[in-house]
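There are 2 protein chains.
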Amino acid sequence: MKVRVDVTLKPGVLDPQGEAVRHALGALGFDGVEGVRQGKVIELELATDDAALAEEQARQMADKLLANTVIENFSVTVL
Amino acid sequence: MKVRVDVTLKPGVLDPQGEAVRHALGALGFDGVEGVRQGKVIELELATDDAALAEEQARQMADKLLANTVIENFSVTVL
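Quick mapping for you: the protein sequence lines, in order, are chains R and P.
Just so it is clear: in the first sequence, position 17 is 17 by the numbering used here, and no numbers are missing.
Just so it is clear: in the second sequence, position 68 is 68 by the numbering used here, and no numbers are missing.
Any given hint could turn out to be false.
With a Cα cut of at most 25 Å, we get these calculated BS3-like pairs of lysine-lysine [to be verified]: (1) R:Lys2 <-> R:Lys40; (2) R:Lys40 <-> P:Lys10; (3) R:Lys2 <-> P:Lys40; (4) P:Lys64 <-> P:Lys10; (5) R:Lys10 <-> R:Lys40; (6) P:Lys10 <-> R:Lys10; (7) R:Lys40 <-> R:Lys64; (8) P:Lys2 <-> P:Lys40; (9) R:Lys2 <-> P:Lys10; (10) P:Lys64 <-> P:Lys40; (11) R:Lys64 <-> P:Lys2; (12) R:Lys40 <-> P:Lys2; (13) R:Lys10 <-> P:Lys2; (14) P:Lys64 <-> R:Lys64; (15) P:Lys2 <-> P:Lys64; (16) R:Lys2 <-> R:Lys64.
No wet-lab data here; the hints were simulated from the structure.
A quick note: this is a predicted structure, and the numbers were derived from the prediction, not measured.
Bound-form chain R, shown alone (with noise of 0.2 Å):
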């Protein structure tokens, strides 16, 4: 079963990384790119067939490695 897990950074915390992004599309000669924000996209492939099963893993895996949940959100879609 197919998992994929969203995370972004929570509103209000410093993204760097967005930041250099916004700068260099700039620097191209990209006009009008008012904000980014850059996040991470895991997709997992589980064992398991039970898509509640799934979403209920993926979740727990979300909350203890592959999010901060200090500074950033995340969300599960069963694919």
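Use these hints to put chain P onto chain R, whose structure you have.
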């Protein structure tokens, strides 16, 4: 206008980051993880109100800067 760019490694390209996550999940006691691939998401806030233009701009940005199209695929979604 908010646009989301998803960048993922092409199939077949080695993903050491994903492998590291897989090992770490195993070490934490999560069984049944058969594969992990890690990608990134870039959320752009663009000045334009034209969805088609925003998508086209984001596509150019991804092609020139956000993705390494030799080893990565990207997809653009207007939010």
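Against the structure, the hints come out as follows:
no., hint, in the structure
1, R:Lys2 <-> R:Lys40, "holds, 16 Å"
2, R:Lys40 <-> P:Lys10, "holds, 16 Å"
3, R:Lys2 <-> P:Lys40, "holds, 17 Å"
4, P:Lys64 <-> P:Lys10, "holds, 17 Å"
5, R:Lys10 <-> R:Lys40, "holds, 13 Å"
6, P:Lys10 <-> R:Lys10, "violated, 28 Å"
7, R:Lys40 <-> R:Lys64, "holds, 16 Å"
8, P:Lys2 <-> P:Lys40, "holds, 16 Å"
9, R:Lys2 <-> P:Lys10, "holds, 17 Å"
10, P:Lys64 <-> P:Lys40, "holds, 16 Å"
11, R:Lys64 <-> P:Lys2, "violated, 30 Å"
12, R:Lys40 <-> P:Lys2, "holds, 17 Å"
13, R:Lys10 <-> P:Lys2, "holds, 17 Å"
14, P:Lys64 <-> R:Lys64, "violated, 35 Å"
15, P:Lys2 <-> P:Lys64, "holds, 19 Å"
16, R:Lys2 <-> R:Lys64, "holds, 19 Å"
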